[in-house]
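**Q** Protein sequences appear in the order of chains A, B and C. Following our numbering, the numbering of the first sequence begins with 1 at its first residue and continues without gaps. Following our numbering, the numbering of the second sequence begins with 1001 at its first residue and continues without gaps. Following our numbering, the numbering of the third sequence begins with 2001 at its first residue and continues without gaps.
Hints listed in this document are in silico derivations from the structure and should not be mistaken for laboratory results. From a predicted model like this one, the values you see are computed outputs, not experimental measurements. Any given hint could turn out to be false.
As the list claims (entries may be wrong) - Going by beta-carbon spacing under 7 Å, a handful of chain C positions derived as facing chain B:
#, residue
1, V2068
2, S2069
3, P2073
4, R2074
5, L2077
6, R2089
7, L2090
8, V2091
9, P2093
10, L2102
11, G2103
12, F2112
Quick reminder that beta carbons are idealized off the backbone N, C-alpha and C, glycines included.
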Amino acid sequence: MIRIERRLTQPRWLTFAVPVGSIVVAFGFMTLVLLLTHHRPGHTFVRLFDSGFSGTQSLNATFVSATPLIFTGLCAAIAFRMQLFNIGGEGQLYVGAITGAAAGIALGNHSGWVSIPAMIAAGAVGGAAFALIPALLRAFLSTNEIITSLMLNYVAALVINYLIFDSLSYWRDTSSATAKVFPQGKNLPEAASWPVTHAGSLVLPLGLLIGAVVAALIWILYSRTRFGFEVQVIGDSPRAASYAGMRTRRKILAVMALSGAVAGIGGASQDGDFRHTLDPRGLTAAGYGYAGIVIAALARYNPFAVCLVAFLLGGLQNAGYTLQGADFPSGLVGVMQGLILFCALGGELLVRYRIALARRSRVVEVST
Amino acid sequence: MILAAGGINNSILVVVFASAVVYGTPLLYAALGELLAERSGVLNLGVEGMMLVGAVMGFWGVQRTGSLTLAIAIAALAGGSMALIHAFLVVTLRANQIVSGLALTIFAGAGGLSSYLGNDLNIADQPAKHMFSPFLPKGWQSAEIVGPIFFRQSVLVYASWVCVVLVGLYLARTRPGLNVRAVGESPAAADAMGINVVKYRYLHTIVGGAFAGVGGACFSLSITPQWVDGLTSGAGWIAIALVIFAFWRPTLCLVGAYLFGAFSGIPFTFQARGILSGVPPELFQALPYLMTVLVLVLVSTAGARRRLGAPASLGIPYVREER
Amino acid sequence: MTAAVSLRGITKRFPGVVANDGVDFEAAEGEVHALLGENGAGKSTLSNILTGLYHPDEGEVRLHGQPVSFHAPRDALDAGICMVHQHFRLVAPFTVAENVILGDHRGEGKKFTVNPRRIERRVAELGERYRIAVDPRARIWQLSLGEQQRVEILKALYRDARVLILDEPTAVLTPQEADSLFETLRVMAGEGRTIIFISHKLHEVKAVSDRVTVLRAGKNVATVDTADATPRSLAALMVGRDVAIAQRVEREGELGEPVLEVVDLCAAGDRGGDALRNVSLTIRAGEILAIAGVAGNGQRELAETLTGMRPATGGSVSVTGKRLRGGDSREAIRAGVAHVPEDRLHTGVAPSLSIASNVVLKSYRGSTVTTGPMLRLRAIREQAVKLIARYDVRGGGPELPARQLSGGNLQKVVLAREFEGEPRVLVVASPTRGLDVSAIETVHGFLRDAASSGVGVLLISEDLDEIRALADRIAVMYEGAIVGELDAVGASVEELGLLMAGGSGE
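Input sequences plus hints: build the corresponding full structure.
**A** Spelled out as structure tokens, the structure:
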């Protein structure tokens, strides 16, 4: 008979061993799946790794993939730390892309020093405002934020589609002949193109650096400030927080706004770093927001771990795009991500609980 | 305007109602399934993933075996298997139900297992060998008003009505139904009275997945009918919202499913008729989601929550031997 | 008499503690057998083993001489063992009838379908037969705690339980309701059933039981005939030393100015309706005012309203002459109202956070531990270390998560934190619930020290012994109002019991 007992103390090494172990186990399952479907696991994994991480070209491509994931990962981590399940990172990113693109187009004539910070700010404001909708509903009407933020993702996707495909909006390119037939977004002016930083032969997008800085700021905020202390208490015990005189409603609004703002910057980064236009099709197909939740959970909501995991999963994602084709299983990325997450969730159990095998009345402790 | 050429059966209202039933049926199946899972206290956000896997495996089933019955069975099995993963993680391993459900969506949904299978099984871009189509006598089908709405439907639709009744009776009038409601409201009480909480949660989550699989198969075997990556385009998420919209009651699921189905179908119908052409289709498409938010706000007020509310233990793992 | 229930050598361990250590226990048919012990002595664990909720690590259980092994609660229920827990195992939205038949799989229960009218009728008949009056169609959340307990007993009777275990059943009853319960139990024992009555209240044990088994620190220290025992001898067995029942310590010194003035305070309850109805009271500096009453008569709401966790709908609360707006816990904290809540683990502390974090739970905004918006973690840690030393908190250092502290040490942390805040008023609710005797003594000492340093203490407690030992004055609450106020010195249990049950003190 297997008994599961809560651990009294949580050994430090487990908090590292478990995520790493779950990735290993996930690879194990993946191998099984590949074998069963007549692909060659070793070959597939090597190709994955190559496309993802080996060589500067792969690394640079991975940086590109990882950048949005850092933002959406942080977005989820910020909110989930306080038990606010903001599933709306996807939609908040879209809105940030919309507002960021607007700023970029509007200020195109000015220098990069003006337009780029404006885009970042606009993206943040857009994402924050959109996140405030489920936040207000939750804070004042106790409405569950999971479903509301989820539904708003769809609304945001429809809005962004509308702006480019079904309207003659500010964002739509109406100049060229082809643009009248095939709808597409206006190209952002030169000045609104975000610069890259070169480190040797590595090319680091501005968004990546911003993401890293934001991660550090979030870490400081959550572990060293009064704000962060309140977030910790509210996340642990809302009753204790209200007992201690903390303003829970204000925190909900602030944390959700912050969460949305970060996702929004991610959206602006998509415009400025990579796509140089408002690209509904690309954004809605990518699913950055949902991937961010996975990343945040794997990283156990630690901002620095989010960056690391985003890099790893970004590599995976990137490899998936590159390798897409007849001889590479499509959908592999989703399956792998899912498996990693399942194993990590299962591993959580080992961190919090201990498995004891009991044979009748003798207790034999087996901790794995 | 309302009565266009072609008689009353071709009028806007009738067409909209008829398509509401068609588009609402997969929602109904998935919602009934999720309702069962949630009544036992398990929140499963992986509905979209389960529907897609059901859709792809159901399609493969009909291409491989030529039998629609078998195909539906396969779809149900596929959905149930996906749900089994979730059940194992959240019931036995006590994982966070939200993250697990999302993981399931990523694992099984578009860009995941369903795409993988769709690709590997070489079933894309083929028409279905057989599909579920209307089968009642032509005379009935062309009856005034009720014809297109009620009689020109496939057996999947009729079966869904039977399911609504069965699920409703099950919950309200049977012992297992009483037990599962107890498990969802107060697993500690149910456990103390000798009810096997783990068994009930597993069973209802898996059956929930089976329903979702059938819901997905509605697309690939009836509505579309083909396999396309990401076929369900968000129906699974609407189904989750639908359960809340229906206050966890099967009969209201029916009403809600058709309501949401109507809003899905309206844009196309209106566009084809040139009605309200100034209004962007996205507005209609956004309505189901906005309505869900509205309903959710109304349900969340404290008074409503107690009378109409969610099973009390929804989302919380049950641990018996915790000190 | 045959031993209906027999436990031999029962041992049960949990992480960090041996709850039952080689316990032997026997109860006969037709007997009311009390299981006496302090909180943490192992009574609940033993009964949970008997009802199949826990598995013993060692030892065996026999019913009528036959060894039995329960793998789940269902097995125990089938064997005829039913338990009425402290926290009822009832499904709130269900009706009484649905709860009574839940999980029953004999006879009527073998049917697949459920006919509401039929089961309601059956339950009504049962209630009439045993003179336990409850409306089978009522929903549990509509019932009072006393009525809910009756539903639990109906459940047992419906299953024709041969062994009935009650865990601290009178915690939610007035003295008069308790007497009525004892009568019911005697009727049931007269039918040949075995009643096991778990309690830590000596006078109850004397009143209702035939034999008493005393548990201490997980061991069975004695089984005696009740007739041969006195409260004093039982108490000695319970704590292992000769102890005097709670003594009053007379307060020295004068009382100061009023620090808390409550006038006509009204507040709404969670389910609509009035929880507080025109409550008025005054506490002076250095005074301990106790609120007595059966749980559920507004005490919790009173504590919450005074400390700002619940908004008032009428009346006023003034602290040292300053009137509070109400509904704002931060305002109350700033005004000098300290609060030791009933639920210390889930309200009084953030359980997963460290002791250090919990020490500054209310003071984290102060200048001693912050520089601008940044926390000074080292200063916080130092403060925690000092507090742990000064109040003798055992169990770990400042980084230890609060939930890992024992009940007594956790309460010390909470009291210490509240006291360090230099309050004018201290509101404490059920401060010694779940604590062992030495922790109780410590807490009582705390409260007396607080009073003598000029704090006005409002003590809310269900334990009349505690109240009579500590308080200067006693106010009794019934259905949201203060129905009587007495000087503690002359107050008798009968008088208090009468007021608690709604009678007038005459």
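**Q** Against the structure shown, which of the earlier numbered hints fail to hold, in ascending order?
**A** Checked against the structure, the hints that fail are numbers 1 and 2, while the rest are satisfied.
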